[in-house]
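S.K.: The primary structure of each chain is shown beneath.
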Amino acid sequence: MNQERTLGVSGLTKSYAGKPALLDTSFEVAAGEIFGFVGANGAGKTTTMRIILGVLTADAGDVTLGGRPIDHEARRRIGYMPEERGLYPKMRVGDQLVHLARLYGMGRSRAVAAMERWTERLGVADRRADEVQKLSLGNQQRVQLAAALTHDPEVLVLDEPFSGLDPVAVDVMSAVLREQAAAGAPVIFSSHQLDLVERLCDRVGIIKEGRMVAVGATEELRRYPHPRWVIDGPGADWAAELDGVRVVSANGSRTVVDVPDAGPDAGQRLLAAASAAGTVREFAPLRPSLTELYRDVVADDEEAA
Amino acid sequence: MSANSGSGRSARGAGVSGSGAVALVASREIRTRITSKTYLLSLAAVVVAIVAGGVLMRVLGDDDPTRIGFHSPVSGLAGEVALLAEATEVAVETTTWDDLDRAEQMLSDGEIDVLVALTDGGWELVVERTLPPEVEWMFFTLSQQHALADELLDVGVDAQQLLAVMAQAQPEVRTLDADAEVDGGRMIAGYLVGILIFIALMTTGQMVAVGVVEEKTSRVVELLLATVRPWQLLAGKVIGIGVIGLVQVVAIIGAGVATALALGLLGDTSMRLGSVALWSLGWFLIGYVSYAVVLAGLGALVSRQEEVSGVIGPVTMLMVLPYMAGIMVAPWEPGSSLVVALSWIPLCAPFVMPMRMAFGSPEMWEVWGAAGVSLALLPVLIWLAARMYSGAVLSTGARVGILQSLRR
Numbered sequence: 001m002n003q004e005r006t007l008g009v010s011g012l013t014k015s016y017a018g019k020p021a022l023l024d025t026s027f028e029v030a031a032g033e034i035f036g037f038v039g040a041n042g043a044g045k046t047t048t049m050r051i052i053l054g055v056l057t058a059d060a061g062d063v064t065l066g067g068r069p070i071d072h073e074a075r076r077r078i079g080y081m082p083e084e085r086g087l088y089p090k091m092r093v094g095d096q097l098v099h100l101a102r103l104y105g106m107g108r109s110r111a112v113a114a115m116e117r118w119t120e121r122l123g124v125a126d127r128r129a130d131e132v133q134k135l136s137l138g139n140q141q142r143v144q145l146a147a148a149l150t151h152d153p154e155v156l157v158l159d160e161p162f163s164g165l166d167p168v169a170v171d172v173m174s175a176v177l178r179e180q181a182a183a184g185a186p187v188i189f190s191s192h193q194l195d196l197v198e199r200l201c202d203r204v205g206i207i208k209e210g211r212m213v214a215v216g217a218t219e220e221l222r223r224y225p226h227p228r229w230v231i232d233g234p235g236a237d238w239a240a241e242l243d244g245v246r247v248v249s250a251n252g253s254r255t256v257v258d259v260p261d262a263g264p265d266a267g268q269r270l271l272a273a274a275s276a277a278g279t280v281r282e283f284a285p286l287r288p289s290l291t292e293l294y295r296d297v298v299a300d301d302e303e304a305a
Numbered sequence: 001m002s003a004n005s006g007s008g009r010s011a012r013g014a015g016v017s018g019s020g021a022v023a024l025v026a027s028r029e030i031r032t033r034i035t036s037k038t039y040l041l042s043l044a045a046v047v048v049a050i051v052a053g054g055v056l057m058r059v060l061g062d063d064d065p066t067r068i069g070f071h072s073p074v075s076g077l078a079g080e081v082a083l084l085a086e087a088t089e090v091a092v093e094t095t096t097w098d099d100l101d102r103a104e105q106m107l108s109d110g111e112i113d114v115l116v117a118l119t120d121g122g123w124e125l126v127v128e129r130t131l132p133p134e135v136e137w138m139f140f141t142l143s144q145q146h147a148l149a150d151e152l153l154d155v156g157v158d159a160q161q162l163l164a165v166m167a168q169a170q171p172e173v174r175t176l177d178a179d180a181e182v183d184g185g186r187m188i189a190g191y192l193v194g195i196l197i198f199i200a201l202m203t204t205g206q207m208v209a210v211g212v213v214e215e216k217t218s219r220v221v222e223l224l225l226a227t228v229r230p231w232q233l234l235a236g237k238v239i240g241i242g243v244i245g246l247v248q249v250v251a252i253i254g255a256g257v258a259t260a261l262a263l264g265l266l267g268d269t270s271m272r273l274g275s276v277a278l279w280s281l282g283w284f285l286i287g288y289v290s291y292a293v294v295l296a297g298l299g300a301l302v303s304r305q306e307e308v309s310g311v312i313g314p315v316t317m318l319m320v321l322p323y324m325a326g327i328m329v330a331p332w333e334p335g336s337s338l339v340v341a342l343s344w345i346p347l348c349a350p351f352v353m354p355m356r357m358a359f360g361s362p363e364m365w366e367v368w369g370a371a372g373v374s375l376a377l378l379p380v381l382i383w384l385a386a387r388m389y390s391g392a393v394l395s396t397g398a399r400v401g402i403l404q405s406l407r408r
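Line by line, the protein sequences are chains P and V.
For the record, in the first sequence the residue sitting at position 229 is 229 according to the working numbering, with numbers rising by one throughout.
For the record, in the second sequence the residue sitting at position 304 is 304 according to the working numbering, with numbers rising by one throughout.
Just so you know, the hints here were simulated from the structure itself, not pulled from any lab data.
Predicted, not measured: the structure shown is a model, and the values here were computed from it.
Backbone N, C-alpha and C fix where the C-beta goes; we use that ideal spot for every residue, glycine too.
Among the hints, erroneous ones may be present.
To be verified - Straight-line distance between alpha carbons at most 20 Å, and here's what the computed DMTMM-like set of lysine to aspartate or glutamate pairs gives:
id, chain 1, residue 1, chain 2, residue 2
1, P, LYS90, P, ASP126
2, P, LYS134, P, GLU120
3, P, LYS90, V, ASP158
4, P, LYS90, P, GLU131
5, P, LYS208, P, ASP95
6, P, LYS134, P, ASP95
7, V, LYS37, P, ASP95
8, P, LYS134, V, GLU214
9, P, LYS208, P, GLU83
10, P, LYS134, P, GLU84
11, P, LYS90, P, ASP130
12, P, LYS134, P, GLU179
13, V, LYS37, P, GLU131
14, V, LYS37, P, ASP130
15, P, LYS208, P, GLU198
16, P, LYS19, P, GLU209
17, P, LYS90, V, GLU306
18, P, LYS90, P, GLU209
Claimed, not checked - Chain P side only, calculated, beta carbon under 8 Å to chain V, not exhaustive:
id, residue
19, ARG76
20, HIS99
21, TYR104
Using the sequences and the hints, build the whole thing.
M.R.: Right under this line is the structure:
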């Protein structure tokens, strides 16, 4: 991993007119990693991203890039897609992308080449001469992404990049994010589409009311407190009789069990017991989906509060 | 995941410099506006209107001579009339007619304006409707002279010589207050300069406010501020629109000066045209920067175009008042204490001082002094406006209060 490009956020705190919006938010996104930022509306995702970009100033806390506090010059290496989409409505797509790339410090000819490359890649090449306002919402989104990419950024910060995209554009966007990460960029994006986050992200951060309530590798987070198995076979009665096994749900032939003190042979033991009771059609360790995890974490936190 | 595929990235430049960003923002403002048909057409229309107005003034200003027809029995009067007309600067054209009926026909056809015909007691004036007053006055003088000459002839005075002497006699006029004398060139220049600066500051100032709000409404400002600092965005916008405004003002003043000089519209004026024109440009620039930054700061407080006029309303009122005061008082009394005071006060001076310079003759130290006072206030205005702008430009939704924007 390239330490030079690790994006770090530590202890960010921000309040608006006395109302706390962020409380001690910390996480890191390593080079080449895709980080999913998840949380309810108003939880603090946009505020965090705006602080990373320097569009907002934090009351406390630091943003670092490659271990050094981020400054104006370093921020220009970030590609940003704000939650509030924004382009000059009456400016032509091509002119606009070149203008923005040049504001990021690109020379004219390189900016033009980058604009051509990205409009081609994102499927809006034939709209270069059109005013942005004449484009469909989906195409405006593609231009918006192009605006985040034309200056050849080393870090990507994208606020809700998938909202409003059609399925084809979602695929294009996913591919672009993977490519950028593969090229060594830390990529952070927020989304409400948890299935997408689950599929794309190496790591996930869940934020609730300004606090990070879970941060970790997607695979690690998707784990129950105790191992669970799903068995499609002879009902649930056999499981209820086993020691150290709790039936979580029984739905027809499908049973989910929870094993609090599972030893290394717990799976074998379960399978043997189930096979003894009848025919087993499916037997697998169960892992929660991100959606389930999210609901869990958010609900737990609510109980604690 | 390798880092080597990012090798192309290291080729990036050191980043755009502070002034580079300002220049880029300014050039975008200029390009998007100067290529707009509305801008080019309206500028062309104003320039054409100025030239056409000058030509029209020239045509209307030339007095058509009054055409006086003399019936041949009284044609001896023609010489005296011509002499009188020359002395009183009245343009006349004389003709002689043998056939009275034909002369009357010419009169009703409008070919001549007045016919002098013989009567039993002397001569009469025949007109279609009315006579120009100065011509009537001329004939009135003429008949008085004739009556006097007839009386004097009886006592043996040479009537012809007397008439000639009387026609040439004129009072000497000495003017005490040079300013009070109506100077046509000054009048025209004064009104034009006043209106031009007022309209130019109004439109460019509003352009700035609308432009700021436009970036907020379209939310593009957040994208811009991720790479450009607020002051760079503000400076670029003010400079860009300033260039657009300057092009307009230079074109208009240039058209005005060229038309006036080419057609000799100013007559013999005591005004120094070049100085008034250059200072008008200077005052436009001072006024523009002052108002543009204030209006940009105020514009940043709101998020929708409908709210722009509300938030900049007090400032546009502030622009109307000195202009109105100047244009109503300065032509008649360029040295009045109100006009002099306004010409010194920053934000008022850009409207009033150029008018004062056109209508009257302020001392040069006054002009430089007033410019100095206005320029001294500029850093304060810029600082305040920049704070308001950076404090409010990212808050979308409800209008931000001025104090609230300054606190951030």
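S.K.: All hints, please: hold or fail.
M.R.: Against the structure, the hints:
1. Restraint check for P:LYS90 and P:ASP126: satisfied, since their Cα atoms lie roughly 17 Å apart, inside the 20 Å limit.
2. The hinted pair formed by P:LYS134 and P:GLU120 meets the criterion: a straight-line CA distance of about 18 Å does not exceed 20 Å.
3. Only pairs whose Cα atoms come within 20 Å are accepted, and P:LYS90 paired with V:ASP158 is rejected, the gap being roughly 87 Å.
4. Annotation: proposed proximity of P:LYS90 to P:GLU131 holds, straight-line Cα distance about 5 Å (limit 20 Å).
5. Annotation: proposed proximity of P:LYS208 to P:ASP95 is violated, straight-line Cα distance about 40 Å (limit 20 Å).
6. The hinted pair formed by P:LYS134 and P:ASP95 meets the criterion: a straight-line CA distance of about 15 Å does not exceed 20 Å.
7. Taking the CA atoms of V:LYS37 and P:ASP95, the gap is about 18 Å. The hint holds against a cut of 20 Å.
8. Distance restraint check for P:LYS134 and V:GLU214: the Cα-Cα separation of roughly 17 Å lies within the 20 Å cut-off, and the hinted pair is therefore satisfied.
9. Proximity of P:LYS208 to P:GLU83 is assessed by CA-CA distance (about 18 Å); at most 20 Å being required, the pair is judged to hold.
10. Proximity of P:LYS134 to P:GLU84 is assessed by CA-CA distance (about 19 Å); at most 20 Å being required, the pair is judged to hold.
11. Simply put, P:LYS90 and P:ASP130 have alpha-carbon atoms about 9 Å apart, close enough for the 20 Å limit, and the pair holds.
12. For the suggested pair P:LYS134 and P:GLU179, the alpha carbons sit about 29 Å apart, so the restraint of at most 20 Å is broken.
13. Annotation: proposed proximity of V:LYS37 to P:GLU131 holds, straight-line Cα distance about 16 Å (limit 20 Å).
14. Note on V:LYS37 and P:ASP130: the hinted pairing holds, with a Cα-Cα distance of about 17 Å set against a maximum of 20 Å.
15. In summary, the hint linking P:LYS208 to P:GLU198 is supported, as the alpha carbons are separated by about 18 Å, within the 20 Å threshold.
16. Under the criterion of a C-alpha separation no larger than 20 Å, the hint pairing P:LYS19 with P:GLU209 is consistent with the structure, at around 11 Å.
17. At roughly 18 Å between alpha-carbon atoms, P:LYS90 and V:GLU306 fall within 20 Å of each other, so this suggested pair holds.
18. Between P:LYS90 and P:GLU209 the alpha-carbon distance is near 38 Å, which puts this suggested pair outside the 20 Å criterion.
19. The criterion of a C-beta within 8 Å of any C-beta in chain V is met by P:ARG76, whose closest approach is roughly 5 Å, and the hint holds.
20. The criterion of a C-beta within 8 Å of any C-beta in chain V is met by P:HIS99, whose closest approach is roughly 6 Å, and the hint holds.
21. Interface hint at P:TYR104: satisfied, since its Cβ lies 5 Å from the closest Cβ of chain V, which is below the 8 Å cut-off.
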